[in-house]
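There are 6 protein chains.
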Amino acid sequence: MATERRRIVTFGEAMIRLTPPGHERIERTRSLDVTSGGAELNVAVGLTCLGWPASWVSVLPESPLGRLVLRDARTAGVDVSTVVVTPDAFGRTGVYFLETAADPRPSAIQYDRADSAFSRVEPGMLDWPRLLDGAAGLHLSGITPAVSQRCREEAMTALRAANVARVPVFFDLNYRSKLWTEHEARACFVEMAPLVDVMFASRGGLATFFGITGGHAEVLATACERLGMAACALTRKKGKASRSMRLQAIGARADGSVVETGWRELEIVDRVGGGDAFAAGFIAGYLEEPADLTLALELGLAASALKHTTPGDFLCATRSEVEAAMVAGEGGALLR
Amino acid sequence: MATERRRIVTFGEAMIRLTPPGHERIERTRSLDVTSGGAELNVAVGLTCLGWPASWVSVLPESPLGRLVLRDARTAGVDVSTVVVTPDAFGRTGVYFLETAADPRPSAIQYDRADSAFSRVEPGMLDWPRLLDGAAGLHLSGITPAVSQRCREEAMTALRAANVARVPVFFDLNYRSKLWTEHEARACFVEMAPLVDVMFASRGGLATFFGITGGHAEVLATACERLGMAACALTRKKGKASRSMRLQAIGARADGSVVETGWRELEIVDRVGGGDAFAAGFIAGYLEEPADLTLALELGLAASALKHTTPGDFLCATRSEVEAAMVAGEGGALLR
Amino acid sequence: MATERRRIVTFGEAMIRLTPPGHERIERTRSLDVTSGGAELNVAVGLTCLGWPASWVSVLPESPLGRLVLRDARTAGVDVSTVVVTPDAFGRTGVYFLETAADPRPSAIQYDRADSAFSRVEPGMLDWPRLLDGAAGLHLSGITPAVSQRCREEAMTALRAANVARVPVFFDLNYRSKLWTEHEARACFVEMAPLVDVMFASRGGLATFFGITGGHAEVLATACERLGMAACALTRKKGKASRSMRLQAIGARADGSVVETGWRELEIVDRVGGGDAFAAGFIAGYLEEPADLTLALELGLAASALKHTTPGDFLCATRSEVEAAMVAGEGGALLR
Amino acid sequence: MATERRRIVTFGEAMIRLTPPGHERIERTRSLDVTSGGAELNVAVGLTCLGWPASWVSVLPESPLGRLVLRDARTAGVDVSTVVVTPDAFGRTGVYFLETAADPRPSAIQYDRADSAFSRVEPGMLDWPRLLDGAAGLHLSGITPAVSQRCREEAMTALRAANVARVPVFFDLNYRSKLWTEHEARACFVEMAPLVDVMFASRGGLATFFGITGGHAEVLATACERLGMAACALTRKKGKASRSMRLQAIGARADGSVVETGWRELEIVDRVGGGDAFAAGFIAGYLEEPADLTLALELGLAASALKHTTPGDFLCATRSEVEAAMVAGEGGALLR
Amino acid sequence: MATERRRIVTFGEAMIRLTPPGHERIERTRSLDVTSGGAELNVAVGLTCLGWPASWVSVLPESPLGRLVLRDARTAGVDVSTVVVTPDAFGRTGVYFLETAADPRPSAIQYDRADSAFSRVEPGMLDWPRLLDGAAGLHLSGITPAVSQRCREEAMTALRAANVARVPVFFDLNYRSKLWTEHEARACFVEMAPLVDVMFASRGGLATFFGITGGHAEVLATACERLGMAACALTRKKGKASRSMRLQAIGARADGSVVETGWRELEIVDRVGGGDAFAAGFIAGYLEEPADLTLALELGLAASALKHTTPGDFLCATRSEVEAAMVAGEGGALLR
Amino acid sequence: MATERRRIVTFGEAMIRLTPPGHERIERTRSLDVTSGGAELNVAVGLTCLGWPASWVSVLPESPLGRLVLRDARTAGVDVSTVVVTPDAFGRTGVYFLETAADPRPSAIQYDRADSAFSRVEPGMLDWPRLLDGAAGLHLSGITPAVSQRCREEAMTALRAANVARVPVFFDLNYRSKLWTEHEARACFVEMAPLVDVMFASRGGLATFFGITGGHAEVLATACERLGMAACALTRKKGKASRSMRLQAIGARADGSVVETGWRELEIVDRVGGGDAFAAGFIAGYLEEPADLTLALELGLAASALKHTTPGDFLCATRSEVEAAMVAGEGGALLR
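Residue numbers (our numbering), protein chains in the order written: chain A, -18 to 317; chain B, -18 to 317; chain C, -18 to 317; chain D, -18 to 317; chain E, -18 to 317; chain F, -18 to 317.
Any given hint could turn out to be false.
As the list makes no split between identical chains, a pair holds if one copy fits it or if it spans any two.
Unchecked claim - Heads up, simulated EDC-like pairs for lysine to aspartate or glutamate below, C-alpha to C-alpha not over 16 Å straight-line:
id : residue 1 : residue 2
1  : Lys221    : Glu246
2  : Lys159    : Asp93
3  : Lys159    : Asp69
4  : Lys219    : Asp69
By construction, these hints were calculated from the structure, which means they are not laboratory data.
Using the sequences and the accompanying hints, generate a full structural model.
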């Protein structure tokens, strides 16, 4: 690419993910696969895959478990100089246990994230003006403010700092019912929305938190208009099988224009992080071609599709692999 | 649940199951996954999952292999105080090797169960009046009498004792051609049928052993009438893929009423024990609501569907998970 | 079978195959599964499964890696007395890394085969008249001449020796773009074709290298006529999923007759070696019943289908299992 | 043995243990082995191995992780009807991460047990008079009161109830510096000691908490006298290698008599739980032959030695295997 | 080597060996490692490693388990054209379970070998004159006649045929107390001894079965003299640890000469098959230099030492590696 | 520490390391553990553990295998902005296979590193003045110039640039006989020595390449004097077992002073990289306290000891863990 890309900053918690191998149930497993993940770290990893430098802002304890997450972020090429490492006693490293679905058994996630170091972030710990200096964007999801009251306040601080620094804000309207109530989330999201430039939101989320109803395309366009955002995007899924599904992406811009991709078939190896890979692809495409959402949606869709085909929360693909997947799925093809 | 549930007694052999991981063939594998299984133990485990206490009556040698099976039964919460442990020299622990199918390669089971301690059960070893005292039901399958002449006699002893004690008898009309001939099986099943209250039977089984032919619903109703049973049930499968299929349950009662569930799609991780999980669910539902087979069939179908989604012979799910699966498959949903 | 079968000779390179388990990507894996493979060795293994003695002619270094491949060939029952073992310094053992596909991510193969001992085969190292003495056939693929100039010359030597010895030549028109250009391949294939009796070729291959175009059946018949071959065959695939597909086989004979099998559904555990298993089945069937391609095609199709259901490059099935798969796929059936 | 053995009650927390395989470090591992453990559960398991029925009193949440621990306890044959299962929201399941030592790298344990359901045990939750009814003994360690203030109070309740019911109290003077200070522990241990009949204590522990100093035998005898206990025992270790060591047991009785076993060489596969297996062996031997500590010490030493030879916190050996190990180590002997 | 080596024939049963990984106990394992082994097959494999062609005479069923053993023998380069493959119903494939020792826990072997196809060998099934035609030696152990009465008779037939054909007989005086009594074994061994040329025997074995007592060297010399043998050899072990030991070899010849090697330290990864590797090395060395036992003993000792350093029953080393180990152990040296 | 530490630059090739698990032999393994390693990368990783920023200068291809190595370096915190990534066709990623020793079987390394991208480094590819700008030191080993003629030239370029920039040069006198002859190495080392400030060298190496003979301390002192170096250090090993050994470090300075550490016992999990960890510890200690070698030697010895206790080439320990290991080995202690 011709010009130097400026780094994108993401802000959120990451946890250690423990997964029983081979569809085993947690209560019966004798082994757990270990990876790391968290919505905003996943997005940072995805951006790095796509050639955009990404800095992950977070808090982790000085402990083997904290180092594990830090190492995984570093492995993927994410800048972790922006992670605050606190003494072990300050707070835990969050953990989550994941069971792999097989219809009619859903994927079940057991969070064990209370009292994490991240949840105890303190005012002043993160120097947002410096963190955002020269950044091309700031991304966080609705999970960050849900983690704790301190996190909610810190998220607001980050958004305001981004607005001041004229750094575009990307926000994924994730709602985690185990962390807070709809009522609490609504109050927060309504406060945040005016500070957001681009939102990732499901039709259900827009209805629940902003009272915006209608068809998929319609709600996106309405959201842009009502919430004063430059763009809004979502993905739709078809199929309830755990091993394959169909995926489509739709996006709207402030001018009311709407773009829809075709539906694409994909095989699922691991579905966690699929939405984050979409966000990463969208952000990259949006920053590269802001005038037309086609690149953003197609890059997001391809990144999400590829994410589904490998284990773990992180996208693991090169830019050229994502671009190849945009054009045409190779299916079970054997490249040799 | 409001009332204390009385325990259900099952009687049969369990074996160590050895499975090559990852679709490998037995002759080429360098590793075997170890679990335990056996039709009647599987049913006892399923009942325990569903909140019914279950006692498993069997014979195992005092040896590491015998203890392995005993431990697995105990892990699942099954009462094993009813297992007779014999000296190591009395007989072996049965073993079976299982290859996982991929169309057009069938799942292949290699039994190595000759001369097991169970096959050598001796008259008087099992005190049936005491074992059945206060029981809510007795369950066994057509495999138990097929194991050996002694087992056939012991099975008859058990059925007669149940009839005397007015304990309802559940019987799964399984036929194992590697253990005896159709001729031998027919003589036995015909002798047993009058002592049975509820039978699980395929259309093929009813035709082969009792000469009852017709459509699925028809043969069940006819079986109830001709064999003097309170109820009869079966499951139907569609699809020859090894990774997914469709399943339906049908049941008939002595009054000629027939209930059919809808077809449900399910994904297969391990199909062994699927029929036993159905039996467990049906027995639980039947004992809870004997006047209408709907609960029995739906509980059986959901238990069977969930059994297919995890490795090993045993159902591993809570009552609430089975009930959730009755209502609606979550598909590849991610619960968080 | 009544008569003693004469051995079939195959000639080509085999490599160590390293596969990340569980859909993991190469750059992220912490473990690699180890098997051996190579088109002509795969065919020799398939023939052995089908009851035909097979000798594999190749070159391997005296080293742990060379011995690994040699052991795997021997395990499968292939005659390896025809392998020349060279000093370790003569050349390497080729290696290839394989990623397992999930749509839209293709299976990716990374070859690391340069400077292999095989590629450095020297004139006179292989005594073709002796190697082919009494053989029922010689098989090689388009990969063998692509490996190096020396290999190309040795392949020609082998074909000429087979023609002299009146040993029928089977040739798989594989093209590997990483090893040579279309231009180079065309020159070679055109030189080889007159020496070939039976060719396995895709429609694309016949068009690219021989300018033969038309429908599938048509190009096979034309190829037989124009290239003066006794028979020509191909397989067609439908579906881009990585876990299942449909497969059909078509063959033509010099007399212009064409046979097509039905389409068969199959589940994919590992697709590498599927074409080689087809070749093995076809060769066996063709040598047993040369007057009619039906057995050859059906045996090839069943062998290929079964190959897809187990891990590794090699077919692992008995003749009777292949014949059972010819008749009817058992799907997810549970044989017990 | 001639008489029916009465059950022994143990009271304490158990956790899920996560161990990186193969000497890997936590921060670098991609897999964790899963077992369960906790001092008092370990003792209950050891007692069961030795033929003594054991009931484990504890608190676990209704969740997959809580069920995992419960299943493991049940597998080993421990009575878990005495475990209170609380709603998932009541508290967590404790977890600990264990690195396997290699000199000079110590085994490192990372506890993640804060806010466990056990730590939140509430007064009245455990009905001690009923739990101790007919029991042969009550065992707990110094970890139980260290977990939380509530646990400290509950432990005192248990000890007082045992004294009332004339159930002998066994106490392991374990001190965990990560859970409380020496000052806090001393206050508690001094309060508890008068209620204890038999104590397991290191020389360091007796010095720190009771100011008793002297040689090994001397401090044990002094402790019995000063603290008014029937017996006191410890084990001594020699060697700092992680793969083998020497072990000796010493015990004193209230009459001032002291028994010392010989030193025994043993190989270490997993050292966690070694002290608990000693306690289990000692308790069993002491209850069987209270007049002479020889059986108690030798059974304890053999049980501890065998515990060191298998993975996980739990002893896994039969009574006859422990008795064989008492007589003479078989070393690397091959029994066939 | 200058002259073509003639093949050595071994006769005995081989079984599938199932080993829990990581020092786990059988009753608790969830996985089993799969290898093959059997005294006489192990010797054949060892001979092949040392450059001597070896034919293994045995009986295996036509089944996946039978094929597994056959494949393993073939992999190692052993000639298996001498194995009789019987219909699956003729008899089982023997299995044994092995626990890895850690002092004071012994290695425990659980045999499950009753009713094997081998045990049912029938007169005439094995054509000994043809099998021994041109052979350099016949080897079997005391296990072969212990398997069954038929095996005992077949072993005598083999020995007599070897004597007739002037093929030297090597015999390992193994006694398996689980297969027969000392009384039965003595009768057999006394009958066999006159037909044996070279015996491998422990001091205990010579005392028990032949009443020969004295020091190690003394009993060997006496055995040669009394039993009319050309040579007799044994190995001595020191140390009861499971991870290392010291080993020495001693041999005597008919002329009364005795050779003793030095003691050599070795590390143990897997001790099963260590004696068979010694026999293989001794036989090779004896046939190459019959006039002096030094080569035989040193080759045997080095082969045995190397066998201890790798998993499974089989030696896996080249002749040059064994010869390097004869000269000097490299210890933990890193060859690069 | 008070002052900001300047980065240390290392220059050399890294490879993918493939290790059969569980003492298996390469030719028989079905699985390979994957790590990365290379003398100079290992040193960079060790320095990072010890709190010194380290930049690794190398060449890797743009391919999955190249990315694997790059990711591993990044994970450990090494600065890889100094790695030149070349097109895939430029050269391979080196690979080496490692067998784990058990006495008398040595660890065997099979290199497969010919034609690597690193070996083809071109003049001008690496901008040494910029790479060394502000560096605290440059480290490379005798392997770097041995890889290829181009590498030898590049190494000289680097050394000269370091001398110009007054960056101290650390050099490990490793000799790899598989890469070049002693004659070639001597010519190179003699040319390099005047440019080196601190050398790691064995007594054998100093004798072979510089003709310096005598006792350990003596040769180090002589080397400093004759070769004009500021310091020279080595480690001595005792013991040939693969699982434990004793280690001592000795160093001399230009002023003739010599420091020797005590001998320390250590357990071996993986010995590869032990020398590199020593170098890393020495360099860190030397740069922190250049006036006295005690810290350098003790830090090097502790780092090396810890490296031996974990799998893979890389040290994985924190500075505080290394310092704890300096004071006293914890042996098999259990820290909790």
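Quick rundown of the hints versus the structure:
Taking the shortest Cα distances, Lys221 and Glu246 sit within 16 Å of each other both inside one copy (13 Å) and across copies (10 Å). With identical chains, the CA atoms of Lys159 and Asp93 are at most 16 Å apart within one copy only, with a shortest distance of 11 Å there and 21 Å across copies. Taking identical chains as interchangeable, the C-alpha atoms of Lys159 and Asp69 lie at most 16 Å apart only when they sit on different chains, with a minimum of 12 Å there against 25 Å within one chain. Neither within a single protomer nor between protomers do Lys219 and Asp69 lie at most 16 Å apart by alpha-carbon distance, with minima of 44 Å and 33 Å respectively.
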